[in-house]
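2 protein chains.
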Amino acid sequence: MAEYRAALQDMNFLLEDVFAVAQDWQSMPALQEMVDVDTARAILDEAAKLTETLIAPNARAADEEGIHFSDGVVTTPVGYKEQFAELAAGGWVGVGANPEYGGMGLPKVLSAQYEEMMCAADISFSLYSGLTAGAIMTLDLHGSDALKDLYLPRMTSGEWTGTMCLTEPHCGTDLGIIRTKAVPNADGSFALTGTKIFITGGEHDLVENIVHLVLAKLPDAPAGTKGISLFLVPKFLVNEDGSLGERNPVFAGSTEHKMGIHASATCVMNFDGATGWLVGEPHRGLAAMFTMMNYERLGVGIQGLGAAARSYGIALAYALDRRQGRGAKATQEPSAEADPLLVHGDIRRMLLTMKAFIEGGRAFSSYVGQQLDRAKFANDAGERERADQLVALLTPVAKAFMTDTGLEATIHGQQILGGHGYVREWGQEQWVRDCRIAQIYEGTNGIQALDLLGRKVVGSRGQLLQPLLEDIREFLATRSDDWAAEYELLEESADLLEDVSKDILGRVAEDENIINSVAVEYLHLVGYVSYAWLWLRMARAAESSQHSAAFIQGKVKTAKFFFAKLLPRIHALIPAIEAGSEELFSFTPEEF
Amino acid sequence: MAEYRAALQDMNFLLEDVFAVAQDWQSMPALQEMVDVDTARAILDEAAKLTETLIAPNARAADEEGIHFSDGVVTTPVGYKEQFAELAAGGWVGVGANPEYGGMGLPKVLSAQYEEMMCAADISFSLYSGLTAGAIMTLDLHGSDALKDLYLPRMTSGEWTGTMCLTEPHCGTDLGIIRTKAVPNADGSFALTGTKIFITGGEHDLVENIVHLVLAKLPDAPAGTKGISLFLVPKFLVNEDGSLGERNPVFAGSTEHKMGIHASATCVMNFDGATGWLVGEPHRGLAAMFTMMNYERLGVGIQGLGAAARSYGIALAYALDRRQGRGAKATQEPSAEADPLLVHGDIRRMLLTMKAFIEGGRAFSSYVGQQLDRAKFANDAGERERADQLVALLTPVAKAFMTDTGLEATIHGQQILGGHGYVREWGQEQWVRDCRIAQIYEGTNGIQALDLLGRKVVGSRGQLLQPLLEDIREFLATRSDDWAAEYELLEESADLLEDVSKDILGRVAEDENIINSVAVEYLHLVGYVSYAWLWLRMARAAESSQHSAAFIQGKVKTAKFFFAKLLPRIHALIPAIEAGSEELFSFTPEEF
Chain A
761 MAEYRAALQD MNFLLEDVFA VAQDWQSMPA LQEMVDVDTA RAILDEAAKL TETLIAPNAR
821 AADEEGIHFS DGVVTTPVGY KEQFAELAAG GWVGVGANPE YGGMGLPKVL SAQYEEMMCA
881 ADISFSLYSG LTAGAIMTLD LHGSDALKDL YLPRMTSGEW TGTMCLTEPH CGTDLGIIRT
941 KAVPNADGSF ALTGTKIFIT GGEHDLVENI VHLVLAKLPD APAGTKGISL FLVPKFLVNE
1001 DGSLGERNPV FAGSTEHKMG IHASATCVMN FDGATGWLVG EPHRGLAAMF TMMNYERLGV
1061 GIQGLGAAAR SYGIALAYAL DRRQGRGAKA TQEPSAEADP LLVHGDIRRM LLTMKAFIEG
1121 GRAFSSYVGQ QLDRAKFAND AGERERADQL VALLTPVAKA FMTDTGLEAT IHGQQILGGH
1181 GYVREWGQEQ WVRDCRIAQI YEGTNGIQAL DLLGRKVVGS RGQLLQPLLE DIREFLATRS
1241 DDWAAEYELL EESADLLEDV SKDILGRVAE DENIINSVAV EYLHLVGYVS YAWLWLRMAR
1301 AAESSQHSAA FIQGKVKTAK FFFAKLLPRI HALIPAIEAG SEELFSFTPE EF
Chain B
761 MAEYRAALQD MNFLLEDVFA VAQDWQSMPA LQEMVDVDTA RAILDEAAKL TETLIAPNAR
821 AADEEGIHFS DGVVTTPVGY KEQFAELAAG GWVGVGANPE YGGMGLPKVL SAQYEEMMCA
881 ADISFSLYSG LTAGAIMTLD LHGSDALKDL YLPRMTSGEW TGTMCLTEPH CGTDLGIIRT
941 KAVPNADGSF ALTGTKIFIT GGEHDLVENI VHLVLAKLPD APAGTKGISL FLVPKFLVNE
1001 DGSLGERNPV FAGSTEHKMG IHASATCVMN FDGATGWLVG EPHRGLAAMF TMMNYERLGV
1061 GIQGLGAAAR SYGIALAYAL DRRQGRGAKA TQEPSAEADP LLVHGDIRRM LLTMKAFIEG
1121 GRAFSSYVGQ QLDRAKFAND AGERERADQL VALLTPVAKA FMTDTGLEAT IHGQQILGGH
1181 GYVREWGQEQ WVRDCRIAQI YEGTNGIQAL DLLGRKVVGS RGQLLQPLLE DIREFLATRS
1241 DDWAAEYELL EESADLLEDV SKDILGRVAE DENIINSVAV EYLHLVGYVS YAWLWLRMAR
1301 AAESSQHSAA FIQGKVKTAK FFFAKLLPRI HALIPAIEAG SEELFSFTPE EF
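Residue numbers (the working numbering), protein chains in the order written: chain A, 761 to 1352; chain B, 761 to 1352.
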């Protein structure tokens, strides 16, 4: 199996040549002293070293071994404990966390690159610190000072990890009907009772304490999503000096046997009157959880990207090395038994589809990361608001489109290896299995699509779409003769997206089901149009950059490939959207 | 997990109402005494009973357990031995085999339905008898009478199984470069030496002998595919009376650890001077193997169909039962905590996409099966030839399109269950893993596409496409007002297919790489157009049938769904085909 190599050149290209993030950072008081281009390069170099040499080489063995569960105790695969200790020692767990509690406080556009490397190295392993980062952010935004002072320093340092406990056996998507109860204790704490499932990192042996953030209902809770509160429930109670006290009655009842991410402990967690503390306001728990959702969802999108990037590295090395058959043109190597796979058009089609989705996705997540940073750090309130709108619009696209195209990419990566891609030995099938979960958790991709079309686009009467269309149309002014055809296609695509959106808005009043019937196709349409824009941006930026000729030509030609071979998929999506809900809702249950 | 239920009503509908196979059978001397509608119904009922009650219930446990390998010995999962004995006792191993040697000799259009049931019940298990059937057919067509008399009765009865040994460590697709040697012995037999990999059922404990059909090179063999011969190499040598003699030195060196089909023994087979006998002419081995390829490839396509059908059964049961959220319209069940999943448009979209691919695929494989039967049994030479052309054209489509859409369907089926689809407990992720191999083995889907576009369409200068276009256009004469829009779309699609084909033919001379660059998209185009035709045929046949209203309405509405939501995908394929090879071959290796 080819060794993992982080896409450092492409990442630096995006940060510097495409998105000019240094200009942003210079203008932001919170960042201007902290990070510049050189720091960013140094950080990415370190992240590459860590993931390439420490984490990636163990991913397949960890997948084979999986986690072990016995009597409530989870043992992680050989090597994970040492890996996590090194990760923590390097400060990587708190890469995006508040510096007040020891975090690095890096901008998202930068830490997104680190996250990709972590996922490309080992998705299972990345989840232990990834979920912790989410818990840190939630607590930082909504916890009391007392809770923050006690927990955040040790979570940020990676001494303790965190979880998110939402799903229950009877509900995942529909959190309004959760049954876990929180009853007030005399001392201001609460006693939590209930069962949570699918809890990533719910129990493990990497660190000495685990901090669960748990959704539960207070005794006086109103029904539905407006009656959900958020609680912090540690595995071990924590004394005032930060030392560990009694074991809290929250136990892993079992672990799930899954299609993939075998080295990630997915636990059933039983809360048997466990002591917890309220985080944020009563009954406002779901809102508190959602504040970190934009970050987490981008992170899950990046899992799709990371899986695809790793799979591409393996597939490309194989296609260059493996000899099978002859190309259609006269061979360059008549003395060899056969030509390398790369002479075959269909192998190129699959590799380039992967490359177009990976580098397009890397650009997309960087763009969304940049907007997250602007929403948080920009000086100007108007700029913050505009960035916030872009984040709101594009986060569900990042989560769903990057994982849907990620799965397609890993399937191509497996197919390129033929039978060798199906056997575990080559490590290629793991990326299909590990990528697949990213389409499901953190809100299924169908739910992301509903969020995009229902809450965001229709909910704003189309207003949230405007900043994206503006950005695209502003870019159209850079039109050049060399790229006339692509600029025209981009303009056309943006117009089509706007027209389709208006069409849906016009039909909402008369058709309740239009949104839930066409949302997934609509999300893909936004994805393809956004990637087209970013591909053309990248191609133009590459042309005027100082990178190697191979890098520049690779960018330019992949942009051409994207417009010729992948963008046409919107012509399948648009008629399906226009067909609306009728063909779905004419069926009675018996007719399925 | 929902229990497996064979789609008997749909199968009978296809045989009787859509394809009127009884008319064919009546006109064919080899079949007219053997099978009629009543026999066919009885056979399918028995097959359903067998697969539903004996095989399907063990599939998940067998997947969990997998096969065991130790010192060259393969042990199959608990229950497989008994299952295989019952299968053999019922005559099912020889379902399509020559009656002269004890086979049932059923027409393919009928046995294809049985094969779907076997795959939907357990793909791993189905392979042991499926490969045996392929070996039986090859031997029957090409073996000497002596070999046939000695081996066929016991293979047909299921006392012994068979394998196909093609792939070697350095070559799978490119069989011209195999290295296994066959050296003549004094007694007319041969000594075979070499290593074969990915041998399905190469070693196991289900029966007492295994008959390997092996590709190897004679000492005087010309280079390339014209120097390959076919040999029969039994695990145990067979005495003249059929009793077993010495152990032949052909041993399993190891078994593969795979993404799926865990209960199928995929073996590395070492031939250490093993005794074998020539099957067919020297150096004509590949041709001999290919005669059974059309049957085998249709069988692999049916694996995609079977996986999708089983996944659909589980997903539909879940969508009817699981309550999560509320539909967009006022609920019918205000007293329940939530509505069933089926109220959600996106769940319906996924279920109906599955249904459209499954029932479309069942119709397609039945159509190809009918043509296989006509090619073999029709009285009229012209009819045989025409059927043969349709088989040649559509077999690669059946193999690749039914498995590509099969994978899409199983992924939808998994997605409908959310997180529960990702954990193994519900059994839904197994169908994704097990379906995935069908896109790879028996010639990858990329190879199928090359076969379709290169050898079949371009190779015949488009002539092989004509019988299909004729069948479609003949059907257009049944146009009715109710279906005006769909008939128009079908006519348009067929015209587009013809135009695109002509366009490619016109470009072949100047562009060597056009075929290998657009073949996969072209195959999908043929698939969607064919399914559109069959969906409209089914809808029209259903309207005038005696089936239940729910069945008829299900057909009619799914046809409408297919035209509205899935057929538009051709508008993504056509521009990608028209873009040709340029965007793929402009890249140097360094630019990937």
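Don't take every hint at face value.
Same chains, same names: a pair is fine if it fits in one copy or spans any two.
[Said to hold, decoys possible] Pairs of lysine-lysine residues, derived as PhoX-like cross-links and limited to a Cα-Cα distance of at most 25 Å, are as follows: (1) LYS1089 <-> LYS986; (2) LYS1089 <-> LYS1320; (3) LYS1262 <-> LYS841; (4) LYS941 <-> LYS1089; (5) LYS809 <-> LYS841; (6) LYS1320 <-> LYS908; (7) LYS841 <-> LYS1136; (8) LYS1320 <-> LYS809; (9) LYS1089 <-> LYS1262; (10) LYS1136 <-> LYS908; (11) LYS841 <-> LYS1320; (12) LYS941 <-> LYS908.
In case anyone wonders, no lab produced these hints; they're calculated from the structure.
### Message
Cα distance capped at 25 Å. Does LYS841 pair with LYS1136 within a copy, between copies, both, or neither?
### Response
Neither. Shortest intra-copy (34 Å) and inter-copy (64 Å) distances fail the 25 Å Cα cut-off.
### Message
Checking an output row: LYS941 and LYS1089, CA cutoff 25 Å. Within, between, both or neither?
### Response
Cα proximity of LYS941 and LYS1089: none, with 70 Å in one copy and 31 Å across.
### Message
Cα distance capped at 25 Å. Does LYS1262 pair with LYS841 within a copy, between copies, both, or neither?
### Response
Cα proximity of LYS1262 and LYS841: none, with 53 Å in one copy and 62 Å across.
### Alpha-carbon proximity context of LYS1089 and LYS1262, limit 25 Å
Classified as between: cross-chain Cα gap 22 Å, same-chain 49 Å, threshold 25 Å.
### Query
Can you tell me if LYS841 and LYS1320 fall within 25 Å by alpha carbon in one copy, between copies, both or neither?
neither (45 Å within a copy, 56 Å between copies)
#### Entry: 25 Å Cα threshold - placement of LYS841 relative to LYS809
Within. Shortest intra-copy distance 18 Å satisfies the 25 Å Cα cut-off; inter-copy 51 Å does not.
#### Entry: Within, between, both or neither, where LYS1089 and LYS986 count as close if Cα-Cα is 25 Å or less
between (66 Å within a copy, 21 Å between copies)
### Task
Using 25 Å as the alpha carbon limit, work out where LYS1320 and LYS908 are close: within a copy, between copies, both or neither.
So LYS1320 and LYS908 fail the 25 Å test inside a copy (50 Å) and across (57 Å) alike.
### Task
Could you figure out if LYS1320 and LYS809 sit no more than 25 Å apart (CA to CA) within one copy, between two copies, both or neither?
Cα proximity of LYS1320 and LYS809: none, with 33 Å in one copy and 55 Å across.
### Message
When Cα atoms must be at most 25 Å apart, do LYS1136 and LYS908 count as within-copy, between-copy, both, or neither?
### Response
Intra 20 Å, inter 78 Å, cutoff 25 Å: intra-copy only.
### Query
How would you classify LYS941 and LYS908 at a CA-CA limit of 25 Å: within, between, both, or neither?
within (23 Å within a copy, 72 Å between copies)
### Query
When no copy is specified for LYS1089 and LYS1320, does a C-alpha distance of 25 Å or less occur within a copy, between copies, both, or neither?
So LYS1089 and LYS1320 pass the 25 Å test inside one copy only (23 Å; across, 44 Å).
Hints 3, 4, 6, 7, 8, 11 from the earlier list are contradicted by this structure; the remaining hints agree with it.
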